[in-house]
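Start from chain A and add chain B according to the hints.
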Amino acid sequence: DTGVSQNPRHKITKRGQNVTFRCDPISEHNRLYWYRQTLGQGPEFLTYFQNEAQLEKSRLLSDRFSAERPKGSFSTLEIQRTEQGDSAMYLCASSFGSENEKLFFGSGTQLSVL
Amino acid sequence: GEDVEQSLFLSVREGDSSVINCTYTDSSSTYLYWYKQEPGAGLQLLTYIFSNMDMKQDQRLTVLLNKKDKHLSLRIADTQTGDSAIYFCAESMRNNRLAFGKGNQVVVIP
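Top line first, the protein sequences correspond to chains A and B.
If you're matching positions, the first sequence starts at 998 in my numbering and goes up one per residue.
If you're matching positions, the second sequence starts at 15 in my numbering and goes up one per residue.
Simulated from the structure, these hints should not be mistaken for laboratory data.
The model shown is predicted, which means the values in this text are computed figures rather than measured ones.
Treat the hints with caution; some may be incorrect.
What the hints assert, rightly or not - Some chain B residues flagged as far from chain A (calculated, every beta-carbon gap over 10 Å):
1. D40
2. A91
3. M107
4. N110
5. L112
As the list claims (entries may be wrong) - If the Cβ cut is set under 8 Å, some of the chain B residues that face chain A in the computed set are:
6. L59
7. K84
8. F102
Claimed, not checked - Under the rule of at most 25 Å between Cα atoms (straight-line distance), these lysine-lysine pairs were calculated in the PhoX-like manner:
9. B:K116 / B:K50
10. A:K1099 / A:K1054
11. B:K81 / A:K1099
12. A:K1011 / B:K50
Glycine is no exception: its CB is placed at the ideal position from the N, C-alpha and C atoms.
The following block holds chain A by itself, in its conformation from the complex:
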């Protein structure tokens, strides 16, 4: 296993279009997180799964955003009717769910909304 994998690496879309990103976590990790990072800022928490259950959603996650982890393995993050303000790096992270929460991050998907 080579770590957390995210696809695509880059996505350019027009305002109003829908986009979907995929994250494949480290195989034995039961926790999966989505973060968003804008230029000059640290990552901001969006949502969190334990196995297939989505246990927490940030207020940053508007109703245009939906995340799924149907079988407790890979996850998808969909943004509907994209806006220019959605332009950011979307980072996925996974962890083993131990007390020491070491998150391992993927390389991210850079979204540009024109």
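Positioned in the frame of chain A, the structure of chain B alone reads:
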């Protein structure tokens, strides 16, 4: 609160030590972390410290934690050009998610 504060920019000569500072707000945080981000890449976990410790050393990295002042620092000894990156501190929050600072850009001058 989830305000994690970091200074923004540090330049250091190759071979010197660099120190990056961070303050956090949640005294109940169990673990505090340092992550490194190189351009166009995700975050790489560098090191972490448990909240009941005040120091941790890991090869060239030394983490100091002042829990009373909610102050965390990372010292990099013998800084190398490959250390040029953005460094984020993060604190563990409820549901084991992390709250990150804005990051500190470190530029190593050869």
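A quick look at each hint next to the structure:
1. D40: holds (13 Å)
2. A91: Check passes; 23 Å lies beyond 10 Å.
3. M107: The assertion about M107 of chain B is violated, with a minimum of 8 Å to chain A.
4. N110: violated (4 Å)
5. L112: violated (6 Å)
6. L59: holds (6 Å)
7. K84: With a closest approach of 17 Å, the K84 of chain B hint is violated.
8. F102: holds (5 Å)
9. B:K116 / B:K50: Distance ~12 Å between K116 of chain B and K50 of chain B Cα, so the pair holds.
10. A:K1099 / A:K1054: At roughly 20 Å apart (the allowed maximum being 25 Å), K1054 of chain A and K1099 of chain A satisfy the hint.
11. B:K81 / A:K1099: Holds, because 20 Å separates the two Cα atoms, which is no more than 25 Å.
12. A:K1011 / B:K50: Answer violated: K1011 of chain A to K50 of chain B is near 32 Å, above 25 Å.
In terms of the numbered hints stated before, the structure departs from hints 3, 4, 5, 7, 12, listed from lowest to highest.
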